[in-house]
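Asks: Assemble the whole structure, with the sequences as input and the hints as a guide.
Taken in sequence, the protein lines are chains A and B. Taking the UniProt record's numbering, the leading residue of the first sequence gets 1, the next gets one more, and so forth. Taking the UniProt record's numbering, the leading residue of the second sequence gets 1, the next gets one more, and so forth.
Calculated from the structure, these hints are not laboratory results. Ideal Cβ positions, reconstructed from N, Cα and C, are used throughout, including at glycine. Take these hints with a grain of salt, some might be off.
As the list claims (entries may be wrong) - Covered stretches of chain A (in silico footprint by chain B; criterion: 3 or more residues with CB under 8 Å from a CB of chain B, positions within the stretch not fixed):
no.: 1; stretch: 67 to 80
no.: 2; stretch: 136 to 143
no.: 3; stretch: 185 to 193
no.: 4; stretch: 301 to 309
As the list claims (entries may be wrong) - Quick partial rundown of chain B residues pointing at chain A, CB under 7 Å, derived from the structure:
no.: 5; residue: CYS127
no.: 6; residue: GLY148
no.: 7; residue: ASN203
no.: 8; residue: PHE207
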Amino acid sequence: MTEAIDGLSVTRAGPLALLQDAGRFGVRRLGVTQGGPVDLHGWAWANHLVGNAWGTPALEVTFGGLELVAERDLAIAVAGADLGATVEGKPLAIWQPVTLREGQVLAFASPVNGLRAYLAVAGGFRAVPVLNSVACVMREGLGGHDGEGHKLAEGNRLRVSAAASREVPVGAAQPPSPPDYQQPGPLGLLVGAQIAEFSGTSLFRAFNTAWRVDDRADRMGVRLTGPRLQCRLSTMISEGIGLGAVQVPPDGQPIVLLNDRQTIGGYPRLGAFTPLACSRLAQCLPGQEVEIKAVTHERALADHRRFRGVFG
Amino acid sequence: MSQAESLPRIESAGLDGWMVRLFDDIDEANMAWLTALVRDCERAFGDVLVDLVPSYTTLLVIFDPLRLSPGEARTRLVDLLQRLQPDEAAADAPIMELPVWYDASVGPELSHLAELAGMSVEEVVACHSERSYRVFALGFAPGFAFMGSVDPRIEAPRLDTPRRKVPAGSVAVAGKQTAAYPAITPGGWNLIGRTPAVLFDRNREGFSLLQVGDRVRFVPIDRAEFERQGGDTRAMEEGR
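Replies: Printed below as a string of structure tokens:
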């Protein structure tokens, strides 16, 4: 493992910026959550555009407001949301690798398209892994730039690999056209075991009307509001919950559980969104409308393998 | 109704997971089967296994869908279930002892439980500490073990308003269950004492003191012993 050196310093923290690798795995049986990027798609592309391997830590910037100063020349890429990022006051080209020069100021403003931007540096950010991951989970006090699960604060320094490339990698990946996060398209749901416990009418409505993203939305979960889902079960014995599980409390308003969800829970579930649907949902702002469509395992698996196939 | 379907069942749990439902009801005897299934899954899935989440009646199995299709994963589970035998060793595993200082200053609901049960505080302490418990699940927070079942006389519903901060080490009762808080978190359980034991330690092998299937007994200690073992004697924080 190569040495870590200072790469960027934080001059303004903004509301929420967290270092995330792919997530913390193998310890969920101990009550430790998954963590990792809530928009896996944007995070993966940011890393890929600067030639980083899958799993390399990148910064998840929610909403904007973050300002960083480069402490050396760095090849960087921003993918995911367009948060009006600038370098030295000039608009930064996103979804492509660019070179940030020593002393330059990289600033994120506020959402233009989507909610969360991912900043990757060639060679990767470096932090000491906690339980084999640097994924930052604030609630558990695990991971992140300091190992203690803290979001970035003014004065923090972000370490990067000493072998970090200073120039944009040659022949790097062909970037896709950035998604339009205001048009997320129907979110693919794998129906779950309790589907038969929901009333037919409420299921018909659930799959044929738009749901509104509530402002009660964070890295643990996103609440959707809309037609009331009626389920014969009110609660169940607590059991493990996977990424994207759509749990329905007695008020009939579903909660989509994301990366920082609790590991077990006791509400009936409509099913689970696919990983790519979770990524899209994580870029939705409160008030946005989304539709839910049922997909088969075969279809979801083919889409997921195509997505992951890009990154080797 | 699903209740009528035979057990065990393998249910859809997303693109990378299957939920194995072994039982419909909570029972201490479930745990020897669940821990056996955990062990068998580790063997059968090897490095395509991503996570296992055992809990009360189920085991959630998460695998890498890039290397094993959901269909193949299901076939492996069907195969395992046909040969599953309970883990005899787990049934009479050694009992872990958790020292507890039962005191009103760190267990503000001790007197409330005594009132509900029509017993003295000393009898509540005896009731809580004389039996052994089984760890049914870990969750809510790293290392938080849901244990059962408490003596019916000291069962008590959760607080109407959860506390914003429950001190680390707090030993608590809610319904039929008991637990100890590994770290400062919000919480709505009835606090009856505090343990000096470190329940979750990122630098310790295995990280969590308690694991699903473990047997646990709470052992009353006095303040001096609590302090000797490094317990934090600060009373509850002002306000909730």
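Asks: Hint by hint, say whether it matches the structure.
Replies: Going through the hints against the structure:
Here's how the stretch 67 to 80 of chain A fares: 0 of its residues keep a CB closer than 8 Å to some CB of chain B, so the rule of at least three is not met and the hint is violated. With a threshold of 8 Å between beta carbons, the proposed coverage of the stretch 136 to 143 of chain A by chain B holds, since 4 of its residues qualify and at least three are required. Coverage of the stretch 185 to 193 of chain A by chain B holds. Counting CB-CB distances below 8 Å, 4 residues qualify, and the rule asks for three or more. Counting residues of the stretch 301 to 309 of chain A whose beta carbon lies closer than 8 Å to any beta carbon of chain B gives 4, which meets the minimum of three for the stated coverage.
The beta carbon of CYS127 (chain B) is not positioned within 7 Å of any beta carbon in chain A (closest approach about 25 Å), and the interface hint is therefore violated. Here the hint on GLY148 (chain B) is broken, as its CB sits about 12 Å from the closest CB of chain A, past 7 Å. Nearest Cβ of chain A to the Cβ of ASN203 (chain B): about 9 Å, over the 7 Å cut. The hint is violated. Using the Cβ-Cβ criterion of 7 Å, the hint placing PHE207 (chain B) at the interface with chain A is satisfied: the shortest such distance is roughly 6 Å.
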